[in-house]
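Protein chains: 2
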Amino acid sequence: MKVLITGIDGYSGWPLALHLLSRGHDVVGVDNFVTRRRVREVGSWSATPIPSFAQRQRLVNQLLGKELPFHRGDLGRYDFVARVLEEEHPDAIVHLAEQRSAPYSMIDVHHAVTTQVDNVVGTLHLVYAMRDHCPDAHLVKMGTMGEYGTPNVDIPEGFFEIEYRGRKDRLPFPRQAGSWYHWSKVFDSGDVMFASKIFDLRATDVMQGVIYGIRTAEMTDRRLLTRFDFDETWGTALNRFIAQAVLGLPITPYGKGEQIRGFIALEDSVQSLRLAVEHPADRGEYRVFNQFDAAYSINQLAETTHQIATELGLSPRIEHPPDPRIEAEQHYYAPIHERLYALGYQRTRELSEVMREMFTDLLRYRHRLEARRHVVMPTIGWRRADNPAALNARVAASSAPPSAEPPPPVQDR
Amino acid sequence: MKVLITGIDGYSGWPLALHLLSRGHDVVGVDNFVTRRRVREVGSWSATPIPSFAQRQRLVNQLLGKELPFHRGDLGRYDFVARVLEEEHPDAIVHLAEQRSAPYSMIDVHHAVTTQVDNVVGTLHLVYAMRDHCPDAHLVKMGTMGEYGTPNVDIPEGFFEIEYRGRKDRLPFPRQAGSWYHWSKVFDSGDVMFASKIFDLRATDVMQGVIYGIRTAEMTDRRLLTRFDFDETWGTALNRFIAQAVLGLPITPYGKGEQIRGFIALEDSVQSLRLAVEHPADRGEYRVFNQFDAAYSINQLAETTHQIATELGLSPRIEHPPDPRIEAEQHYYAPIHERLYALGYQRTRELSEVMREMFTDLLRYRHRLEARRHVVMPTIGWRRADNPAALNARVAASSAPPSAEPPPPVQDR
Numbered sequence: 132m133k134v135l136i137t138g139i140d141g142y143s144g145w146p147l148a149l150h151l152l153s154r155g156h157d158v159v160g161v162d163n164f165v166t167r168r169r170v171r172e173v174g175s176w177s178a179t180p181i182p183s184f185a186q187r188q189r190l191v192n193q194l195l196g197k198e199l200p201f202h203r204g205d206l207g208r209y210d211f212v213a214r215v216l217e218e219e220h221p222d223a224i225v226h227l228a229e230q231r232s233a234p235y236s237m238i239d240v241h242h243a244v245t246t247q248v249d250n251v252v253g254t255l256h257l258v259y260a261m262r263d264h265c266p267d268a269h270l271v272k273m274g275t276m277g278e279y280g281t282p283n284v285d286i287p288e289g290f291f292e293i294e295y296r297g298r299k300d301r302l303p304f305p306r307q308a309g310s311w312y313h314w315s316k317v318f319d320s321g322d323v324m325f326a327s328k329i330f331d332l333r334a335t336d337v338m339q340g341v342i343y344g345i346r347t348a349e350m351t352d353r354r355l356l357t358r359f360d361f362d363e364t365w366g367t368a369l370n371r372f373i374a375q376a377v378l379g380l381p382i383t384p385y386g387k388g389e390q391i392r393g394f395i396a397l398e399d400s401v402q403s404l405r406l407a408v409e410h411p412a413d414r415g416e417y418r419v420f421n422q423f424d425a426a427y428s429i430n431q432l433a434e435t436t437h438q439i440a441t442e443l444g445l446s447p448r449i450e451h452p453p454d455p456r457i458e459a460e461q462h463y464y465a466p467i468h469e470r471l472y473a474l475g476y477q478r479t480r481e482l483s484e485v486m487r488e489m490f491t492d493l494l495r496y497r498h499r500l501e502a503r504r505h506v507v508m509p510t511i512g513w514r515r516a517d518n519p520a521a522l523n524a525r526v527a528a529s530s531a532p533p534s535a536e537p538p539p540p541v542q543d544r
Numbered sequence: 132m133k134v135l136i137t138g139i140d141g142y143s144g145w146p147l148a149l150h151l152l153s154r155g156h157d158v159v160g161v162d163n164f165v166t167r168r169r170v171r172e173v174g175s176w177s178a179t180p181i182p183s184f185a186q187r188q189r190l191v192n193q194l195l196g197k198e199l200p201f202h203r204g205d206l207g208r209y210d211f212v213a214r215v216l217e218e219e220h221p222d223a224i225v226h227l228a229e230q231r232s233a234p235y236s237m238i239d240v241h242h243a244v245t246t247q248v249d250n251v252v253g254t255l256h257l258v259y260a261m262r263d264h265c266p267d268a269h270l271v272k273m274g275t276m277g278e279y280g281t282p283n284v285d286i287p288e289g290f291f292e293i294e295y296r297g298r299k300d301r302l303p304f305p306r307q308a309g310s311w312y313h314w315s316k317v318f319d320s321g322d323v324m325f326a327s328k329i330f331d332l333r334a335t336d337v338m339q340g341v342i343y344g345i346r347t348a349e350m351t352d353r354r355l356l357t358r359f360d361f362d363e364t365w366g367t368a369l370n371r372f373i374a375q376a377v378l379g380l381p382i383t384p385y386g387k388g389e390q391i392r393g394f395i396a397l398e399d400s401v402q403s404l405r406l407a408v409e410h411p412a413d414r415g416e417y418r419v420f421n422q423f424d425a426a427y428s429i430n431q432l433a434e435t436t437h438q439i440a441t442e443l444g445l446s447p448r449i450e451h452p453p454d455p456r457i458e459a460e461q462h463y464y465a466p467i468h469e470r471l472y473a474l475g476y477q478r479t480r481e482l483s484e485v486m487r488e489m490f491t492d493l494l495r496y497r498h499r500l501e502a503r504r505h506v507v508m509p510t511i512g513w514r515r516a517d518n519p520a521a522l523n524a525r526v527a528a529s530s531a532p533p534s535a536e537p538p539p540p541v542q543d544r
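Same order as they appear, the protein sequences are chains A and B. Position 136, counted from 1, in the first sequence is what the numbering used here calls 267; the numbers after and before it change by one each time, with no gaps. Position 379, counted from 1, in the second sequence is what the numbering used here calls 510; the numbers after and before it change by one each time, with no gaps.
Mixed in with the good hints there might be a few duds.
The list makes no distinction among identical chains, and a pair is therefore deemed to hold if it is satisfied within one copy or across any two copies.
Said to hold, decoys possible - For lysine-lysine, the following DSBU-like pairs were computed, each having C-alpha atoms within a straight-line distance of at most 35 Å:
1. Lys197 - Lys387
2. Lys299 - Lys133
3. Lys197 - Lys299
4. Lys387 - Lys133
5. Lys387 - Lys299
6. Lys328 - Lys387
7. Lys133 - Lys197
8. Lys328 - Lys299
Derived from the structure by calculation, the hints contain no laboratory data. Predicted model only: the values in this text are computed from it and were never measured.
All chains should be built: construct the whole structure from the sequences, respecting the hints.
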């Protein structure tokens with residue numbers, strides 16, 4: 132199949148490209164490199180050195196013997212989106228090109244606006260361009276388990292049958308997101324559900340758990356590693372815990388640390404996306420997959436980090452700063468995740484095994500963590516005036532109103 | 132109380148201002164006059180001649196003996212929103228400044244994008260400016276009953292208690308909107324629910340039924356009438372039916388005409404908004420009112436139009452064009468609407484009485500309907516390529532990508 136990946140230069144886009152190529156699919160990439168730019172905006176970088184995309188294309192050519200066509204551009208420009216879909220006519224589009232950081236969206240009003248506008252507009256542009264240029268293609272859209280929040284009932288895969296005041300219906304499960312970013316994903320889900328109905332499109336909406344890991348089986352060379360963000364804005368809790376342990380900083384589960392989330396290894400995330408691609412939805416069908424492997428509490432992650440760090444001769448300690456987010460610190464959490472298994476999903480990686488591998492990689496790049504150790508500890512608050520001057524200064528460059536213009540050229544890293 | 136009305140120049144903003152002033156409240160207005168511009172964009176105008184806003188201010192001064200301060204500007208500019216809230220420090224903000232037409236949002240990708248971006252950004256800007264400049268103010272946000280779609284169960288007021296797989300929770304009622312516009316209102320509801328939580332704001336979210344009528348008790352002079360849109364984009368079904376009857380065109384309920392919606396008279400809509408303003412939500416409370424008076428099928432509206440038109444000596448006829456929307460033409464519809472009654476809401480107007488009054492007003496302005504008779508009949512389709520060349524030509528001016536710039540000055544009508 133020919134698969135277009137938007138956001139191919141990103142954390143999961145790049146491993147997905149390698150995985151699909153290794154399975155014999157054709158891959159075409161789209162990216163505007165905004166994540167590289169935004170990570171610099173908060174004063175950070177990837178712990179793993181990331182080659183330029185042109186270098187990545189050459190590596191794919193040399194190491195996998197494959198071509199990797201690429202369109203540089205912004206999904207905020209409809210003419211660009213329409214041209215790419217018209218030229219490429221993909222069988223599937225895996226849409227990963229979104230602002231993906233909850234803390235980034237909470238920095239201030241402009242980051243809130245940029246997040247919601249960019250994410251919603253990119254998706255709208257894609258579904259219209261699909262309608263006009265490849266209506267039979269299958270849209271695999273990256274959502275997040277965070278759309279559901281933490282309700283006191285089981286979380287179905289997108290829809291549920293309910294009885295209310297004596298009558299029954301099958302309805303979308305209510306969304307209760309916890310950041311402007313998470314709400315932007317809820318909005319996308321609504322738009323894609325509606326687009327599949329009015330434009331008769333095939334759509335799979337992936338409610339993705341938190342992904343962990345830096346490498347997949349296809350990364351036979353260190354230069355193929357994906358990015359690893361460890362700053363408070365772009366790094367996940369687990370990434371920051373491991374970076375904290377390596378740097379001798381306290382490991383910082385927020386609040387009680389009993390927040391539970393769904394997680395999945397990078398390798399199994401790309402497996403899941405491939406399964407979705409290889410088993411497309413029907414025309415007009417909008418289906419939702421809860422794509423995570425297992426649920427862990429933040430304390431479990433902190434403790435496993437502590438344990439592995441201790442084994443490696445580090446001297447980790449755990450601290451519990453007040454939770455800067457507005458979220459339940461103790462809650463029920465039981466999402467259903469059956470649809471991927473029905474397509475043949477099998478867990479290939481265990482959490483502690485992947486965490487050891489992450490420690491090994493990060494100890495190798497310890498100097499790159501050290502050089503940015505000031506960006507690891509949390510400072511962004513969900514409420515007013517929690518954002519300190521240091522962060523505000525780092526992001527000052529972005530406080531201008533968002534613009535529809537494409538970003539200036541970047542030369543990473 | 133001091134009430135800031137965003138969108139004060141619009142269909143319901145203007146009558147609300149008159150009503151609040153007559154009840155002794157102070158009113159401050161905000162508008163960018165984009166509705167006047169967009170109605171011109173589709174080749175139409177208001178059947179009632181609408182004075183410029185400066186004239187409206189003078190009329191308020193002369194006829195009601197009141198001041199009506201006004202800020203001209205766009206909610207898409209955060210500096211403007213922040214400045215107005217800082218200067219005015221309102222007790223309540225009634226937020227009506229949104230793109231309000233479902234067909235307009237369905238014209239093409241650019242109208243879809245403009246609708247969702249403008250509506251979401253305006254609301255985000257408001258809640259951030261409230262956080263920083265008037266955190267104790269009460270936000271009354273105009274939503275729509277259309278957010279809920281037409282589920283096969285009763286529709287509660289925003290939230291419902293459910294049991295699912297043996298556990299219980301109180302959750303937001305699922306939204307299933309039917310146009311990009313309706314989805315934009317769903318998005319706003321999510322953002323306001325979240326903002327009230329993280330910023331500790333008072334918020335009332337009004338799931339508004341379709342409003343009908345041109346006048347309220349405060350409109351003691353013909354120059355005070357509100358706008359009446361009758362074109363396929365900006366006019367409601369009822370408005371178009373009456374215009375069709377006056378013009379000798381067929382009355383056009385879409386499809387089977389058994390679509391049921393909630394309706395409320397303009398006079399009772401402003402009564403409801405005043406009750407919400409006068410009984411503010413608590414700090415951190417997000418409450419939802421289903422604000423309609425009675426549910427009617429589209430056929431009931433068409434038949435009542437037919438009956439009144441016949442009494443008036445017109446020769447109406449009803450035709451059923453294929454439904455250009457993607458919607459259920461036969462469905463269950465039983466929304467709950469109790470919270471307004473608990474605040475003292477009482478119906479003051481009956482549908483057929485208001486419709487007679489609308490006929491009277493429109494027969495007076497018949498020449499203005501005649502001059503734009505070509506814009507009444509439906510042409511905008513929800514699917515691809517249903518939008519004919521005539522419409523496309525009319526809207527060509529708007530096909531540029533949306534811009535954050537304020538619109539150029541306009542001199543209505």
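Against the structure, the hints come out as follows:
no.: 1; hint: Lys197 - Lys387; result: neither (48 Å within a copy, 55 Å between copies)
no.: 2; hint: Lys299 - Lys133; result: neither (41 Å within a copy, 45 Å between copies)
no.: 3; hint: Lys197 - Lys299; result: neither (52 Å within a copy, 52 Å between copies)
no.: 4; hint: Lys387 - Lys133; result: neither (46 Å within a copy, 42 Å between copies)
no.: 5; hint: Lys387 - Lys299; result: between (39 Å within a copy, 24 Å between copies)
no.: 6; hint: Lys328 - Lys387; result: between (43 Å within a copy, 20 Å between copies)
no.: 7; hint: Lys133 - Lys197; result: within (13 Å within a copy, 67 Å between copies)
no.: 8; hint: Lys328 - Lys299; result: both (22 Å within a copy, 31 Å between copies)
Going through the hint list in order, the structure does not satisfy hints 1, 2, 3, 4.
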